[in-house]
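*Asks:* So you can see what is in the structure, the chains are spelled out below.
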Amino acid sequence: MTPFKRAPERDPLDRTPLSVRLQRSATNDYSPGAKGFVEAWSSIFVGLTITARRAARNPDTLRYPFEKLTLSPRWRGALRLTGILGRDDIGSIEAPSPDYIRRIEVLEDEQRLPPCVGNCPANVDARGQALYLADERPADAYELVRDRNTMPGVLGRICHHPCESACKRNHYDEPIAIRPLHRVAFERYAEFREERVRKLPVTRSERVAIIGSGPSGLTAAFDLMKLGYEVHVYEKDPKPGGALLTGVPAYRLPREVLAQEIEDLQSMGMRLLTGVRIGSDVPIDHLIGEYEAVLIAAGLQFSRMLPIPNIDAKGVTGAIEFLRAGNSKHDAGVKGKRVLVVGGGNVAVDCARVALRCGASEVTLSSLESMDELPAHPWEIEEALDEGVVAMCSFGPHHVIAPEGRVTGMRLQSCLSVFDAQGRFSPQFGDEYSDLECDVIIFAIGQAPDLTDLVSGSDLLLTERGLLPVDGSLMTTELAGVFACGEVVTGPGSAIASIASGHEAAESIRRYIQGVALDEDRVYRPVPVYPRYGKPVLKGIEPSRRRAKMPMARGTDRAKDFRPVELGLTHIEGMSEAARCLRCASEVCVGCTFCARTCPDYAIRVERTDDPGSRCVTRYDLDLSKCCFCGLCAEQCPTNALKHTGQYELSFYTRDLTVFNRSEMLRDGGGTRATGADGTSVSACRGAGAPISEDSSPSNPEDLVAPTEVEQ
Amino acid sequence: MSALLTGAAWGLAAASLIAVAALIGVWWERKVAGRIQMRFGPQEAGPAGLLQTLSDTLKLMLKEDITPTAADVPVFRAMPFLVFVPVASALVVIPYASGWAPFNIATGAVFFLAVPGLSVLGILLAGWASQNTYASIGGVRAAAQMISYELPRTLSVLSLCLLAGSLSTGTIRAEWRWWWVPLTAVGFLVYFISSIAEVNRGPFDLAEAESELVAGYFTDYSGIRWAIFMMAEYGGVVAASLFGAATFLGGGLGLSGVPGALLFVALTALIATAMIWAKWTFPRMRADQLMTFAWKVLTPMALVQLLAVGIALAARVVLS
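Chains as they are written, first to last, in our numbering: chain A, 1 to 712; chain B, 713 to 1032.
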């Protein structure tokens, strides 16, 4: 018989499990008879007492809102920095030219390709250039760019810089001045030229002939020279340079720069034969027999004209002819005359500006397109208008007025639309006519190659329109061993696109000579089209953080002669511009503080120094008691240094899907709050690339608590 | 006709009373249960979580009313009402004031004990119409349990009828004297326990034992029909509490006027709270324990109580 036991008075701290206590208090083992009856009934009331007493006490669970504060503020978890500028190195993209495109492809697959590099037709490593320039290594910067660009000094003046349109800094303020930095690198290379330009060793017996010394021909020559081939470049003009010499006006590209870079190539072993006209002087068959491979990089030779009345009148000329005369003699017979340029492209703008410089009394630019759709680059148009060119947009030529065989004017017809709904060229003209008096008419409406002489006597055949059939990706012609590149293949285009085709042609020639299949494992990278960015909001950005402004000669002064319009950046401007580069996709934190500015909870704080030459992160704090795990910080990190795992709620969104609020990005960095009791801290800054030893991190905890006193 | 209208009006009033009582009762039960389990219970919706039940009601009304494919559809659909209506009708014979009940019939006590017993039919049929083994077992269990506990409950109320000399609930309240409380204490205890069993609440909730039968006879019910079953259960609690307070405790312990009315409400709430208290204190009984308890403990106790009342009445006659 177990006597009924009364439940003992319970200690509030007693953690005996409920089941055990119930067993103690409510037993089923009662005495027999009436005593047991009373025991059973009283046990019921004891049970009720137990629960009543419990109900009277305050519950010992937490109220729900307080349960959320169990995360340790020191838990750094899924968010981490993969590298810190000043401690970890950023690599430049370097590879021998046959493997370079493959390397770019791999980087893009790994999402480690900077957008500027991806958007350059020749994939020039602009990030590496900025890196080296900021690190006071201009010679390395120049040579890094030259590996892909062949003539950084030239392209630094004339390139249409698709890299800058892709620059991630467009999101925040203005893109990095990549093109002017090419020029800075070129100018600073002068002091290294003597010691660093060396003849490249010829390691192979095969020789390659290249017809044309324009950008694509020189690029192919340089690539093949680096591979150890002997390269002979044939140029029909007395001076090398191709379109760069005859087409690009000297106010944009000083001839010394072009000559210097071609001279460098010659010093490295390129053999240049000027004044040799292939076809008439030397038949192309002779070259095909003499060399293992022949590359046609002849470019475009004559201007297209319109089949309108009086097109053959005296005073009507084509853009190429006009520019050639203007560039070589600085006089194209327009002194004191009224000039009308027909066309809206870059060549037309060049013609108009050259005409001004050759002394034309007034220059009018007439284009089918309206002002907003002009195919010329906006900065070119702006500069031309500054210099006094008058634009007559949305007008097309009707006929040339030439009563005595000599131009006195042109009848223009209004143009309603240039392109049809499918985006094809199909101009619709209106009924409005306008007669414009002028003495010279320059047609800049397109160019075509003139290869009739070149291929005469060979097995190469031209199409009815005078074009050479070429495989656009392999750069091969109908004839084995004869390749083509540059504008012969691509049509009128940019210098950098010609350079890209030169790389491809060199690779095809290498494979052809070495007996490798031309398309085996070949990577073909079309140039991606990046979105255009709107005008940046620059309010509140201090001038020292802004893009370096290229100083320009005054509009009215510069239009009188062929002196350069762009005056160039100074050394310091170039350095600070290079330091502006965000080192996109490098996976190294550059302390841009955009994560802190994006953070909706003010959980991140970044401190850094950014003097040119010594730019580094000094402190990075993440306060996880404030973090809401949205993952926006990592999403917007331009360098991909800030990484997170799937534990962040929004982390499955790509950046395109998240709202990108520029004004939020630009909010004052001083507004960030953090406990300061946590974080990665690099106290001393030793300049970019310099490793920081273990003992440089602050050992004194006071430094962590009072971060404002961290020594720089 | 007018009787029908009056009946409809009182039925509506009874249903509203149950609805309000269930609204407050569920919140109160969750609060009490939480406290007993060292929790806070609902606290987010409204002050002290008062609006929690309201939001739950809305949710239940918006939930899909599912009828199983295999169910006997008309029966399945009708049964919640067959369970609810007898429970609600029990409210009209409760003496809310001394000598007055809405339907002050001569056999009010019998009506109160018998008519809610009809809901056992609804529960049995609800379980059967679901064509679900769990529901069927729940229905059969409920039938056995409710019919068994009908007996001690009736016997315990019978002692009151003996004291009042009438089967009319109004008369019972009018005749109430303070010494009835000590005299019928055991009867009240029997009434209280068997009332819990009558409404299928813990520890006698074998009919809806969730650890054995999912949810017993209303396993297949959802949404508003399920809510009607729950209302019927709370209606049972309210009816039993009101009747207990009005007869065994004489309304407001014999007080009249506003204090009496307030005390009546307070005592009703106290009895209902005690039912909740018991539910969250005791573990569920086994089926055999349930039957043993009804037939071997409660029925003899009720008989002893009846005997004691008879002896007391005889002694009173003899003494006077």
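A hint or two may mislead.
As the list claims (entries may be wrong) - Just some of the chain B residues that point at chain A, by a computed CB distance under 10 Å:
hint, residue
1, Trp722
2, Ile748
3, Arg751
4, Ala757
5, Gly758
6, Trp840
7, Ala986
8, Ala990
9, Thr993
10, Arg996
11, Val1009
No lab work stands behind these hints: they were computed from the structure.
Note that the coordinates shown come from a computational prediction; the quantities given were computed from them, not determined experimentally.
For every residue, glycine included, the Cβ atom is placed at its ideal position computed from N, Cα and C.
*Asks:* It remains to establish, for every hint, whether it holds in the given structure.
*Replies:* Taking the hints in turn, this is what the structure says about them:
no.	hint	result
1	Trp722	violated, 35 Å
2	Ile748	holds, 5 Å
3	Arg751	holds, 5 Å
4	Ala757	violated, 12 Å
5	Gly758	violated, 15 Å
6	Trp840	violated, 34 Å
7	Ala986	holds, 8 Å
8	Ala990	holds, 7 Å
9	Thr993	holds, 4 Å
10	Arg996	violated, 13 Å
11	Val1009	holds, 8 Å
Checked against the numbered hints listed earlier, the structure breaks hints 1, 4, 5, 6, 10; every other hint is satisfied.
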